[in-house]
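Work out the full structure, taking the sequences as your base and the hints as a guide.
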Amino acid sequence: METILNRNTSFKTHQPVIKDHRKFVWQSLRDNPEGLTAQNITDLSNKSVSLISSRSRLNELFNDCLIRIKGSARNPNTGKINTTYCLVSKSETRTMIENKLITLIAEHDLLIENYFKYD
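Numbered according to this note's numbering, the sequence shown spans residues 1 to 119.
No wet-lab data here; the hints were simulated from the structure.
There may be inaccurate statements among the hints.
What the hints assert, rightly or not - For each label pair, taking beta carbons as the anchor points, the in silico distance ranges come out as: (1) 52 - 72: 18 to 26 Å; (2) 101 - 33: 37 to 45 Å; (3) 71 - 30: 13 to 21 Å; (4) 17 - 62: 18 to 26 Å; (5) 60 - 6: 16 to 24 Å; (6) 111 - 46: 40 to 48 Å; (7) 39 - 111: 32 to 40 Å.
To be verified - Derived EDC-like pairs (lysine to aspartate or glutamate); straight-line CA-CA distance at most 16 Å: (8) 100 - 60; (9) 47 - 20; (10) 70 - 109; (11) 70 - 107; (12) 70 - 92; (13) 117 - 107; (14) 100 - 43; (15) 90 - 107; (16) 90 - 43; (17) 23 - 60; (18) 19 - 92.
In this text, all values refer to a predicted model and were calculated from it rather than measured experimentally.
Glycine included, C-beta positions come from ideal geometry on N, C-alpha and C.
This is how it looks when you write it as structure tokens:
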């Protein structure tokens, strides 16, 4: 029980920082319509937003259908593939939400099938 209380307390104290980072990531993408990578965002923040936080905030925004993957390219410094993200239009958001709904319905149907498969 103590672990849960500590986690909840930690989350509550970090929540304002997470919101600030998410806002910075979104504004950075808004100001750079050509798209940015997590590393670009970290560099723009003068390292006030860590790479891990940039990646996490990008995942949150992507899962909320507010940004999309624009492409990917090999980073010349690290040799690794970096994903470039950009903001989405309202019509793209609608399409993303509809696709997410289709996926959730399919997963729901599969769960029902698996739960009652052995009746």
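Consistency of the hints with the structure:
no., hint, in the structure
1, 52 - 72: 18 to 26 Å, "holds (19 Å)"
2, 101 - 33: 37 to 45 Å, "violated (27 Å)"
3, 71 - 30: 13 to 21 Å, "holds (18 Å)"
4, 17 - 62: 18 to 26 Å, "holds (20 Å)"
5, 60 - 6: 16 to 24 Å, "holds (23 Å)"
6, 111 - 46: 40 to 48 Å, "holds (46 Å)"
7, 39 - 111: 32 to 40 Å, "holds (38 Å)"
8, 100 - 60, "holds (14 Å)"
9, 47 - 20, "holds (14 Å)"
10, 70 - 109, "violated (31 Å)"
11, 70 - 107, "violated (26 Å)"
12, 70 - 92, "holds (12 Å)"
13, 117 - 107, "holds (15 Å)"
14, 100 - 43, "violated (32 Å)"
15, 90 - 107, "violated (26 Å)"
16, 90 - 43, "violated (28 Å)"
17, 23 - 60, "holds (11 Å)"
18, 19 - 92, "violated (24 Å)"
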